[in-house]
Amino acid sequence: MKTLVCLINCRLEIFAVHFDVDVAFCTRYRTVTFPTSRCCLDAWAMKLWAKPNVRFEYPKPPLHSSTTHHQNPWLPRAAAPRPTRLRHSLTAESTNATTFHGICYVVGDNIDTDQIIPAEYLTLVPSNPAEYEKLGSYALIGLPASYETRFIEPNEMKTKYSIVIGGDNFGCGSSREHAPVALGAAGVAAVVAESYARIFFRNSVATGEIYPLESEVRICEECKTGDVVTIELAESRLINHTTGKEYKLKPIGDAGPVIEAGGIFAYARKTGMIPSQSC
Amino acid sequence: MASSSSFIANKKDLGVSAFSSTSSPFSIPKCRKSISKKIVSVMAPQQSERKPATTGSVKIAMTMTEKILARASEKPQLSPGENVWVNVDTLMTHDVCGPGSIGIFKREFGDNAKVWDREKIVIIPDHYIFTTDERANRNVDILRDFCLEQNIKYFYDIKDLSNFKVNPDYKGVCHVALAQEGHCRPGEVLLGTDSHTCTAGAFGQFATGIGNTDAGFVLGTGKLLLKVPPTLRFVMDGEMPDYLLAKDLILQIIGEISVSGATYKSMEFVGTTVESLNMEERMTLCSMVVEAGGRMGLSLLIALLSSTLRIRHLCPMNQFIVISKQGFQMCFGLMIAILFSPSVYEIDRLRLLLYSLLVETTRREAVGFALVVIYVFLASRFLSEYRLDISKLEPLVAKPHSPDNRALARECKDVKIDRVYIGSCTGGKTEDFMAAAKVFLASGKKVKVPTFLVPATQKVWMDVYSLPVPGSGGKTCSQIFEEAGCDTPASPTCGACLGGPKDTYARMNEPMVCVSTTNRNFPGRMGHKEGQIYLASPYTAAASALTGYVTDPREFLQ
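Same order as they appear, the protein sequences are chains A and B. Here the first sequence stands for residues 0 to 278, numbered as in numbering that gives the first Met the number 0. Here the second sequence stands for residues 0 to 557, numbered as in numbering that gives the first Met the number 0.
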């Protein structure tokens, strides 16, 4: 497989990769297939991060069992629509994709995975779409009573807070991937914390569920739950519209190439570690 | 294996002096010069692309973490911060994260994809087993279907939930089961979908927790992109008092560096105190490394090395041989390092042990392994070093709601408790129950609060019922527990350590205060959000059960 990497001086300064062969990548049950002609990885990557409030309606396949189903619902379907020349649509989509805008929910230090998703809900399997949604409805339900505002209203499946602002050591505790998955399924687009626990950070990057950003200062002390914020990835900053303050965010670091590729699988396919999926 | 002819080096090529396999036993040379005459070098089969000078191990010493990753990623030299693709030797998963990982594996690699190696995957259902929760039981069925389909060799299945004893394959808590079944081998890379996978670092391997997506990736490829962590070194010296256990040591360390003090780092435990700990204690030490944010914990022990080699059930020999083949590759650096390093106390002891190892076993594989392990002590670079004097330490607890909220047990003696829980991978092994039994025996009284005992695995459960407690006149742990009024030891599982489905045994369904030998005490950990959990060693937990308050075990042990 020949890959040609070239820099495109678009106003967002993002790399584009040319693929010679079909590459299909499934993330969060969304199937994106590339034509053998040129494609724009950046726009595709941004599509992954853009979180419209409307979700695609995926078919709900039965839980995998070796005896029951005939057709694997997880494999990308040949009839899936292929995006043509994405570069034309780059300008239109990119403005949404490199920024996150919404109201924020502020938590403190050392929010561990048991508070993000208590262990009693771990019987839900994230790779099953129905249980994935259910998992989202329990996000941050383990927070102690000192948090007066609930993250998700009772009887709701999604949260109205698309950005979580945390303190030190966010996501400490277990390696359960249910934690970032629950946040992502609930509708969180990005988390801005002072620092992360390593397994949680790694899981966020690998799944692509939430975008983990690190702040330079303790934003959790200056913002309040319900503030309207905008995160601009290109400029690495967070703007709190309610207080009017701007904060600098740290660059993503080593995880950057993996996030840009779209998760560990896409990164592996990009670097040639695993063969690309064939439709 | 081949004869010892390959044991003899080509001296011309290496230009080093070496050990002789025929040297007389216990002839310990006194000066370096006499060493150089007698020893014959140990050498790996020459590999064309790895000349000694390019291995890098001759020039710059790497810590054990770096060496294991270097071997696993087939690179000669690694430094902290590098991201490398590592060959995984064992992947472990359980009933909570297994179905998710399997789902991702099938989604990414295809429905008919096969795992990378059916013998390197270990699937251990342990978290939510003895429950009527349908999804939990379904998750075990998902694991079973997958194992049948992929013909996974190591699947410790359970079918009859009413009686764990009739399930011959079922083991129990994954981390203790891995060790008992011989899956923890020094020098290897073990990844598990559970944060406490770092427990296996006690065996000198790189063991760390990963999520479902990473596990799905490993299932298909057998590799993972890992970042080499810098190493924090904890030197623990001093004689371990008889009222302290490894749990107190790790609580002290976590209290020192806080729950994020070791984030992205590997923690290495060395020192005379660590040398005096047995394997189960070291597993306890390493299991809470993740509570400090650590990547992995390592305890390497020369003194225990010789006994480890003899513990067959921990290290099945055929796999042992595989490791030490790799170990040979590091022997170049070792020889030079030993010979040209400054005369440090450790080095002389290492030489002593090396000779005694040669005496005890003529298997060159064993020596190769020893050399690998010894090498770590020599001039490797650490991020920082902490020195602890254990003889001055007192029994500790971690107060709610954080493992780093450390306090002396005697300072908390006014805290009334509602129950005591002894179990989990950190505090539910045979030695932990023996320790608790020792306290009950010393006191002779009954417990004042409900005391829940959950052995980690079937083997631990059998030990509790069969092994006599020293000093008791032949009584077993279970008899002592019964006399003290504790609950009957329950079915082996992770149990209430992490709460779980509402009908889990010993789960905290109302706010109450619990002293437990588990590993985390964040809000809601054992079930109820307002529950208060005091983490403690088995000694402290047993002492607290006897008084009904958080108690220092010295009240009973002295």
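One should not assume that every hint holds.
To spell it out: a stretch of chain A is covered by chain B in this simulated footprint if at least three of its residues, at any positions, have a beta carbon under 8 angstroms from a beta carbon of chain B; those stretches are [to be verified]:
{"no.": "1", "stretch": "186-194"}
{"no.": "2", "stretch": "210-221"}
Examples of chain A residues lying across from chain B (beta carbon under 7 angstroms, computed) [claimed, not checked]:
{"no.": "3", "residue": "Thr148"}
{"no.": "4", "residue": "Ile198"}
{"no.": "5", "residue": "Ile263"}
{"no.": "6", "residue": "Phe264"}
For the record, the hints were derived by calculation from the structure and aren't laboratory data. For every residue, glycine included, the Cβ atom is placed at its ideal position computed from N, Cα and C.
Hints versus structure:
1. 186-194: Contact hint for the stretch 186-194 of chain A vs chain B: violated, 1 residues under 8 angstroms.
2. 210-221: Check failed, 0 qualifying residues.
3. Thr148: violated (16 angstroms)
4. Ile198: holds (6 angstroms)
5. Ile263: holds (5 angstroms)
6. Phe264: holds (5 angstroms)
Hints 1, 2 and 3, counting from the list given before, are not met by this structure.
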